[in-house]
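So that you can map any letter, position 266 of the sequence shown is 266 in the UniProt record's numbering, and since no number is skipped, the others follow by simple counting.
No lab work stands behind these hints: they were computed from the structure.
The structure presented is a predicted model; accordingly, all values stated were derived computationally and were not measured.
Don't be surprised by glycine CBs; every beta carbon is placed ideally from N, CA and C.
Treat the hints with care, since some could be wrong.
[Unchecked claim] When the alpha-carbon atoms are kept at most 30 Å apart in a straight line, the in silico DSS-like pairs for lysine-lysine are as follows: (1) Lys333 x Lys268; (2) Lys60 x Lys11; (3) Lys193 x Lys118; (4) Lys168 x Lys311; (5) Lys321 x Lys200; (6) Lys141 x Lys168; (7) Lys268 x Lys321; (8) Lys11 x Lys178; (9) Lys178 x Lys333; (10) Lys306 x Lys125.
[Stated by the list, open to error] Label pairs and their calculated CB-CB ranges: (11) Lys326 x Leu42: 38 to 44 Å; (12) Ile227 x Phe184: 35 to 41 Å; (13) Ile31 x Leu5: 19 to 25 Å; (14) Leu202 x Ile227: 24 to 30 Å.
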Amino acid sequence: MNIELFNSDRKQLILMEEPEGYLIPNQQTIIETIDLNKGEELYEERRRIHLDGVYINYYKRSIAQERQIWVRSDGPYIQMHFEISGGSAYYYHKNKQFTVPIATGEFSLFYVPNLDGKLVDPPCKNAVTVEIEISESWLLKHLDLHAGLVLNFINDINNCTPSLLGGKVHQINPQISKTIQELFDCPYTGSIKRLYLEAKLLELLAHQLQQASTFSPTKFSCPLTKIDIEQLYALKDRLLADLSINYTIDELAYLSYMNRTKLQAGFKELFGKTLHEFIIENRMLLAYKLLLESYANNWNIAEIAKRVGYKHSNHFSTAFKKKFGKSPAAFVKRSY
Numbered sequence: 001m002n003i004e005l006f007n008s009d010r011k012q013l014i015l016m017e018e019p020e021g022y023l024i025p026n027q028q029t030i031i032e033t034i035d036l037n038k039g040e041e042l043y044e045e046r047r048r049i050h051l052d053g054v055y056i057n058y059y060k061r062s063i064a065q066e067r068q069i070w071v072r073s074d075g076p077y078i079q080m081h082f083e084i085s086g087g088s089a090y091y092y093h094k095n096k097q098f099t100v101p102i103a104t105g106e107f108s109l110f111y112v113p114n115l116d117g118k119l120v121d122p123p124c125k126n127a128v129t130v131e132i133e134i135s136e137s138w139l140l141k142h143l144d145l146h147a148g149l150v151l152n153f154i155n156d157i158n159n160c161t162p163s164l165l166g167g168k169v170h171q172i173n174p175q176i177s178k179t180i181q182e183l184f185d186c187p188y189t190g191s192i193k194r195l196y197l198e199a200k201l202l203e204l205l206a207h208q209l210q211q212a213s214t215f216s217p218t219k220f221s222c223p224l225t226k227i228d229i230e231q232l233y234a235l236k237d238r239l240l241a242d243l244s245i246n247y248t249i250d251e252l253a254y255l256s257y258m259n260r261t262k263l264q265a266g267f268k269e270l271f272g273k274t275l276h277e278f279i280i281e282n283r284m285l286l287a288y289k290l291l292l293e294s295y296a297n298n299w300n301i302a303e304i305a306k307r308v309g310y311k312h313s314n315h316f317s318t319a320f321k322k323k324f325g326k327s328p329a330a331f332v333k334r335s336y
């Protein structure tokens, strides 16, 4: 399969020739490469791991201006996409309704009959993205084709219909985050490394299916215009940019140019959570990450509580224990 990348002037940037089914040539066990792309307003590092049927791509990038890249392929394409930090969006040219906007802390698993659209990366500094390209044969080999969520996805593939697992993007939970980290911190080499990575890929797929199965595609009972949806995504990005800020509903309504009722109903229908649930969920995910880093950075629990929007440590501890089953103090003690 050929994959072509073009800039905004439609001048070809890259032509990638991928083997059929992403199979490794010459009976090699694993292929690893590192590429650097440097310019005045761009720095991008890509670490790539090739296993039979799978490409694992780790990107770290800094770009000064929004980047738009047109992408095209002559074959079907399936990708697991994880925005660790930063953000991106894919707009499918053949179906204007099929877009995949992914914000910081979100993932998607999507299929298109062929790549034919636009990738948009916003300005960022040290943004990290993980893209795992998988062949159809690899996916079918490892899925239970009778499960409802999977069956819908596979039916779309068989019908050559663009598809997004669960009908939406999903939150990266601590289990997914941990598994991604372990993919790139593998202590082994050669055939043992291949076995380790294959096991981690299956673990990652299982976590995605579990996370996606807790949601169902949304049917809008609250009519939202394109502008409404853009405003809600902008509000979501604003909330994630600084989780220490405690907004009132009236302040959020003002920022989103909606009344309170439409804001709360529209946010829940678009993202599958109430504003309160969304904020608490993301505060706890950030707290989990900060507590893991607390020893190296000399942070105490009171400092972390403030960083995630809690004035009182006891309120933070209660919320954390409700989410993860352990108090922050017990979590830190176990981690070290």
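Each hint tested on the structure:
Only pairs whose Cα atoms come within 30 Å are accepted, and Lys333 paired with Lys268 is rejected, the gap being roughly 36 Å. Distance restraint check for Lys60 and Lys11: the Cα-Cα separation of roughly 24 Å lies within the 30 Å cut-off, and the hinted pair is therefore satisfied. Taken as a hint, the Lys193 and Lys118 pair is broken in the structure, with Cα atoms around 35 Å apart against an allowance of 30 Å. A threshold of 30 Å between alpha carbons decides the hint, and for Lys168 with Lys311 the separation of about 34 Å lies outside it, so the pair is violated.
With a C-alpha separation of about 27 Å, the suggested pair Lys321 and Lys200 falls inside the 30 Å cut-off, and the hint holds. With a C-alpha separation of about 24 Å, the suggested pairing of Lys141 with Lys168 holds against the 30 Å cut-off. At most 30 Å may separate the alpha-carbon atoms for a hinted pair to count; Lys268 and Lys321 meet this at roughly 25 Å. A hinted pair counts as satisfied when its Cα atoms are at most 30 Å apart, and Lys11 with Lys178 does not qualify at roughly 39 Å.
A distance of roughly 18 Å separates the Cα atoms of Lys178 and Lys333; the hinted pair therefore holds under the 30 Å criterion. The straight-line distance between the Cα atoms of Lys306 and Lys125 is roughly 24 Å, inside the 30 Å bound, and the hint therefore holds. Here the CB-CB span from Lys326 to Leu42 is close to 42 Å, well matched to the stated 38 to 44 Å. In this structure the supplied range 35 to 41 Å holds for Ile227 paired with Phe184, their Cβ-Cβ distance being about 39 Å.
For the pair Ile31 and Leu5, the supplied restraint of 19 to 25 Å holds, since their beta-carbon distance comes to about 20 Å. Take Leu202 and Ile227: their Cβ atoms lie about 41 Å apart, and the range 24 to 30 Å is violated.
The structure does not agree with the numbered hints 1, 3, 4, 8 and 14 stated previously, though it agrees with the rest.
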